[in-house]
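**Q** Sequence:
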Amino acid sequence: MKRRIIDILLVTIGSFISAVGYNSLLVKNNIASGGVGGLAISLNALFGWNNANFVLATTIPLLILCWCFLGREVLLKTLYGSLVFPTFIKLTEGLPTLTKQPLLASIFGGIILGLGLGIVFYGNSSTGGTGIITQILNKYTPLPLGMVLLIVDGIIVAISAIAFSPDTVMYSILSLYIVSFTIDKMMVGLNSSRNLLIISQKSDQILNYITNGADRGATKIPVLGGHTGHSQNMIMTTLSTHEVPKVQEEIQKIDETAFIVIIPASTVMGRGFSLQKDYKSVPNDFINPL
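Sequential numbering of the sequence shown, starting at 0, is according to numbering that gives the first Met the number 0.
Keep in mind that a hint or two might mislead.
Calculated lysine to aspartate or glutamate pairs in the EDC-like style (CA-CA distance at most 20 Å, straight line) [as the list claims (entries may be wrong)]: (1) K245 x E255; (2) K76 x D6; (3) K184 x E242.
None of these hints come from the bench; they were simulated from the model.
Put together the whole structure using the sequences plus the hints.
**A** What follows is the structure, encoded as structure tokens:
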């Protein structure tokens with residue numbers, strides 16, 4: 000129940016941030032950065048249709064398609080975000096435009112929109128829209144997800160090419176890239192971790208520090224030196240990004256000649272990361288009880 004409330008708050012906050020970025024930076028600068036919102040901007044220029052009304056009008060048909068082709072579970076995850084995002088677009092459509100410089104609008108509009116959508120995704124939901132079309136095509140065609148995304152957003156950009164000048168279209172493509180980049184950084188950054196591989200003559204002392212001082216699990220891996228032919232243990236541990244500098248400093252205090260390799264880990268699941276620290280030791284467990 001607590002997790003569900005947090006998810007609803009995240010989706011609400013993220014949708015509001017996205018709507019503010021959309022109306023205060025993208026709309027008046029004609030930057031159609033993908034999605035139903037981008038399509039609405041192009042259709043407004045071509046036919047005079049109200050942006051917010053168009054986004055709201057497409058919500059119900061898309062949700063029906065979601066239910067028919069993707070099922071009830073996907074619909075429930077998408078439902079709240081699909082309703083609250085267009086509602087916020089309608090409520091914030093009167094916001095003043097922050098800049099009339101298309102380059103600034105495409106950059107900062109993309110960042111704000113991507114930040115908001117990243118928060119929505121972190122709340123285990125989405126804002127629906129063309130994302131529903133993308134999921135349907137990905138499910139029922141042999142096309143990979145990346146190709147489907149390219150096709151759907153490509154169609155929206157093509158429509159914007161009819162409505163606007165080539166310069167404006169290029170700003171839209173730039174903004175679309177920034178939105179995607181920001182979302183990726185949000186999703187990876189919030190869960191960013193690092194793998195540490197450590198080889199040292201003082202491996203036992205380092206292992207003791209990691210398991211007791213840093214309160215992290217560690218694994219011993221037998222390795223064989225390519226040059227010396229000597230066998231010894233390599234220590235592998237996984238840390239949150241903010242823990243790395245402190246642990247690295249302590250390891251070098253123990254052994255300043257320790258060989259350390261730090262590798263990005265985009266997704267880490269399990270005890271100490273995605274699970275609570277309340278697990279007891281089990282037989283033959285190779286991870287410290289937390």
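**Q** Which hints, by number, does the structure contradict?
**A** Checked against the structure, no hint fails, so every one of them is satisfied.
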